[in-house]
Amino acid sequence: MFDKLNYLHKIILIIVTLLLVAVISLSFGSLNLSPLRVMKVLFSPSDTSQSLNVIIKQIRLPRIILSFLVGAGLSIAGVVFQGVIRNPMVDPYIVGISAGAGTGVTLAIVLNLQFSFLFFNTLPLMAFIGSLITVYIVYNLAKTKDKVPVVTFLLAGVAVGFVLNALMSFLMVIGTRDLQKIVYWLLGSLSTASWSDIRLMLPYFLIGNVIIIFFLKDLNLILLGERSAQHLGVDVEKSKKYLIIGASLVTASVVSVSGSIGFIGLIVPHIARLLVGPDHKKLYPTAAILGGIFLIISDDLARIVLSPMEVPVGIITALTGGPYFIYLLRKTKKEIW
Amino acid sequence: MLKLENIDFSYGDVKILKKIDFHLKENEFIGIIGPNGSGKSTLLKNISKLLNPDNGFIYLDKNLLNDYSYKELAKKMAVVPQDTKVKFNFSVYDLIMMGRNPYQDRWGRITTEDKRKVNEAMELTDTKKFKNKSIQNLSGGERQRVIIARAIVQEPELLLLDEPTASLDINYQRNIFDLISDLNERLDMSVLAVSHDLNLISQYCDRLILLNDGKIYSMGKVDDVITKENISEVYNTDVDIKYNPITERPYVIIVPRKKGSTKNIKSDFKVHLICGGGTGKNIMNILKDLKVNVTCGVLNRGDSDWEEAKRLNFDIVEIPPFAPIDKEAMTKNEKKIKNSDLIIVSGTPFGWGNLDNIKVLNNFKNKDIIFIDDNLDKRDFTDGEFTQILSEIEENNKVYEINNDKELCKFLNTKYEEILYD
Chain Z
52 MFDKLNYLHK
62 IILIIVTLLL
72 VAVISLSFGS
82 LNLSPLRVMK
92 VLFSPSDTSQ
102 SLNVIIKQIR
112 LPRIILSFLV
122 GAGLSIAGVV
132 FQGVIRNPMV
142 DPYIVGISAG
152 AGTGVTLAIV
162 LNLQFSFLFF
172 NTLPLMAFIG
182 SLITVYIVYN
192 LAKTKDKVPV
202 VTFLLAGVAV
212 GFVLNALMSF
222 LMVIGTRDLQ
232 KIVYWLLGSL
242 STASWSDIRL
252 MLPYFLIGNV
262 IIIFFLKDLN
272 LILLGERSAQ
282 HLGVDVEKSK
292 KYLIIGASLV
302 TASVVSVSGS
312 IGFIGLIVPH
322 IARLLVGPDH
332 KKLYPTAAIL
342 GGIFLIISDD
352 LARIVLSPME
362 VPVGIITALT
372 GGPYFIYLLR
382 KTKKEIW
Chain D
1103 MLKLENIDFS
1113 YGDVKILKKI
1123 DFHLKENEFI
1133 GIIGPNGSGK
1143 STLLKNISKL
1153 LNPDNGFIYL
1163 DKNLLNDYSY
1173 KELAKKMAVV
1183 PQDTKVKFNF
1193 SVYDLIMMGR
1203 NPYQDRWGRI
1213 TTEDKRKVNE
1223 AMELTDTKKF
1233 KNKSIQNLSG
1243 GERQRVIIAR
1253 AIVQEPELLL
1263 LDEPTASLDI
1273 NYQRNIFDLI
1283 SDLNERLDMS
1293 VLAVSHDLNL
1303 ISQYCDRLIL
1313 LNDGKIYSMG
1323 KVDDVITKEN
1333 ISEVYNTDVD
1343 IKYNPITERP
1353 YVIIVPRKKG
1363 STKNIKSDFK
1373 VHLICGGGTG
1383 KNIMNILKDL
1393 KVNVTCGVLN
1403 RGDSDWEEAK
1413 RLNFDIVEIP
1423 PFAPIDKEAM
1433 TKNEKKIKNS
1443 DLIIVSGTPF
1453 GWGNLDNIKV
1463 LNNFKNKDII
1473 FIDDNLDKRD
1483 FTDGEFTQIL
1493 SEIEENNKVY
1503 EINNDKELCK
1513 FLNTKYEEIL
1523 YD
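Sequence lines, in order, name chains Z and D. Be aware that the first sequence starts at 52, since it is given in our numbering, and climbs by one per residue. Be aware that the second sequence starts at 1103, since it is given in our numbering, and climbs by one per residue.
Same shape as in the complex, but just chain Z (with noise of 0.2 Å):
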């Protein structure tokens, strides 16, 4: 029924399901409210009282819109880094991107090294360096001539990938005074989300995807393989380097808040290319938002299922996502990719 959708209904059914679902969110918590009441909160806080417009507003609110832009970065991220990389078994863990975020923060959290600057925060900041200096290890290790040839790429980002992870290991003992929260942040959690966190990661983030808007009509011409891509007028190297770094950029935003959340930038994409088609125009803002919508509904089961404790939300992603992409490998029968 979906299939026989045109692309505008599509987006207008994910954008409501999207919205639906924040508001559901919001009502969930140690404190159940109706969705009505947690619209009368957003909407004319006035005639609510002052508990209850702070749970929603400066608990609740931030971590469904951090959700939101965490679910929705990881998601882009997966997407520019299979179409670059025209493979599908592609998301930012898996390049070492992520790995390099997270040494760049644990070494900032274990350096004391976090401050502020205008709107840009030094955690996403040291994520981004971490990733930046893990994707430049990456791609020039890959390199052969002037091409980078998939194989390569991917086997020297599982291959930094390790060495990074030992490294953050060998980090977490010497700052052992810091190793709770260290832990805590690479098991990828949102529980502590807040405004200022949003503030933290945004700049960050929207600069990241404000590079890979204006390389994304390239990465179309990209999926027909660089040659091809070249031949119809696109710099592919140029544009690869852009891309790559537009993606470091919004993962290193992502991960200096959220920490390490699997599964969603390997597994949004690959829904989003099946309900949309492999043009990036409509592939891009698809996966966006439904990857928000997984990362809400994730983090309101993360809440719910030891309720009071919280999982760590990276356990259900993985948890979740996991069954659902072998369903989908299973269940679709014409190629995903």
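Read the hints as simulated data drawn from the structure, not as lab findings. A hint or two may mislead.
To be verified - Simulated crosslink set (DSS-like; lysine-lysine; CA at most 30 Å straight-line):
no., chain 1, residue 1, chain 2, residue 2
1, D, 1231, Z, 332
2, D, 1151, D, 1187
3, D, 1429, Z, 292
4, D, 1120, D, 1429
5, D, 1151, Z, 332
What the hints assert, rightly or not - Sample of chain Z residues with no beta-carbon within 10 Å of chain D, all distances over it, derived:
no., residue
6, 56
7, 66
8, 87
9, 97
10, 100
11, 113
12, 162
13, 163
14, 214
15, 258
16, 278
17, 287
18, 322
19, 359
Unchecked claim - Restraint ranges, calculated between C-beta atoms of paired labels, are given here:
no., chain 1, residue 1, chain 2, residue 2, range
20, Z, 332, D, 1184, 50 to 60 Å
21, D, 1513, Z, 278, 50 to 60 Å
22, Z, 278, D, 1231, 49 to 59 Å
23, Z, 58, D, 1185, 46 to 56 Å
24, Z, 58, D, 1347, 26 to 36 Å
25, D, 1108, Z, 57, 50 to 60 Å
26, D, 1184, Z, 138, 16 to 26 Å
27, D, 1330, Z, 288, 44 to 54 Å
28, D, 1301, Z, 214, 21 to 31 Å
Just so we're clear, the structure is a prediction, and the values are computed from it rather than from any experiment. We put the beta carbon where it would ideally sit given N, CA and C, even for glycine.
Chain D: place on chain Z using the hints.
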């Protein structure tokens, strides 16, 4: 249009291209042939800026290839690659539209001009009927046409093709090459096509480049490149060269290794051929293969049979174009006929101008004479005199009537087996 000067290219230590030098003129169609590993595809990749030559210069319209941005280059040159498989579910229309990329802005806004060009290209390539289909659901030949349509909307001045018909059936092969030829002639695109199919490309291109071991072994008109010597040497195999009677282009045939007893052809058998207007071409080639001595007479210079006989180095009694047969030529001709073991008369029409060629046979007795395609009524432009002469000839000689060239081949092999072979 495109000029290569001393191009060298190597992968690591292996030299692939050595001092490649050629000039593709505007609106020219050049085919590149050569055995596997001779550097054809590598050459094309150098020209399309996928690879950079180690030495030498490539000019496109007087500017160095490297001075073009990829976008500018895509407006001047389109490439149809060897492998046209697309991994993604793009529709045919979307895929062709991608050819407009060099003309579009950053955001890929589609203009009415873009739509018009895509429509034109779809009509030209006959791809409109499946424009909404996924590219993945097309056959190889259909997909190839879509990729060519994508190249057309780039509005290039130069079209590069790498094995455009590899793994296609012959109907598609013809279809694709007809299309390329059309683009060359009607849209004034210069074409440079790599093909391993010597016979196909030879029928279409203006000039050929034969590559061997990274060097240009031979370059020039198809006739000069597709020769028995060149092809046998470069491909290291026994071949023979024939002529396509319709395109008058050469084509290569493979000569299989002979099995069992090999026949040695004696070369002292002499055949005199009476022909004209192209009716003798195939006969000449059959005789050439049998390695008999052939004389032709009397032919006007410039006649297509004269050209073929000249090419095959036959002994010709010739007169100026359109001139009647004079005494001197006739005497020479009579001498040749006298020395011949067999006379073959092709299915050429006879009028007052060439009637003497046949009349002269009346001076001989007991000769073996073969008449091909004996449709006399239609070939007699002498108010019956030709027919009259024929019946006189038949009385005094051993006359055989044969329907076509193929039968002639069979006939010669059976009747003259002992004479022709040891």
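Next on the checklist: Over 10 Å from every CB of chain D: does residue 97 (chain Z) meet that, or does the non-interface label fail?
Outcome noted: holds (43 Å)
Item to check | 30 Å Cα cutoff - pair residue 1120 (chain D), residue 1429 (chain D) | outcome: Measuring from Cα to Cα gives roughly 58 Å; hence the hint is violated.
Checklist entry - Does residue 278 (chain Z) sit more than 10 Å from chain D, CB to CB? => result violated (6 Å)
Item to check | Given hint residue 292 (chain Z) paired with residue 1429 (chain D) - CA-CA distance at most 30 Å | outcome: violated (84 Å)
Checklist entry - Taking the minimum C-beta separation from residue 66 (chain Z) to chain D, is that value above 10 Å? => result holds (21 Å)
Checklist entry - Has the given pair, residue 1151 (chain D) with residue 1187 (chain D), been kept, meaning a C-alpha gap of at most 30 Å? => result holds (21 Å)
Checklist entry - Within 30 Å, alpha carbon to alpha carbon, are residue 1231 (chain D) and residue 332 (chain Z)? => result Holds: residue 1231 (chain D) and residue 332 (chain Z) sit about 26 Å apart, inside 30 Å.
Next on the checklist: Quick check: does the Cβ-Cβ distance between residue 1184 (chain D) and residue 138 (chain Z) fall within 16 to 26 Å?
Outcome noted: holds (22 Å)
Next on the checklist: If we take the beta carbon of residue 100 (chain Z), is the closest beta carbon in chain D still more than 10 Å away?
Outcome noted: With a cut-off of 10 Å, residue 100 (chain Z) remains clear of chain D, as the shortest Cβ separation is near 48 Å.
Checklist entry - Is it the case that residue 287 (chain Z) keeps its Cβ farther than 10 Å from each residue Cβ in chain D? => result violated (8 Å)
Checklist entry - Falls inside 49 to 59 Å, the C-beta gap from residue 278 (chain Z) to residue 1231 (chain D)? => result violated (29 Å)
Item to check | Status of residue 359 (chain Z), Cβ more than 10 Å from any chain D Cβ | outcome: holds (46 Å)
The structure shown violates the earlier hints numbered 3, 4, 16, 17, 20, 22, 23, 24 and 28.
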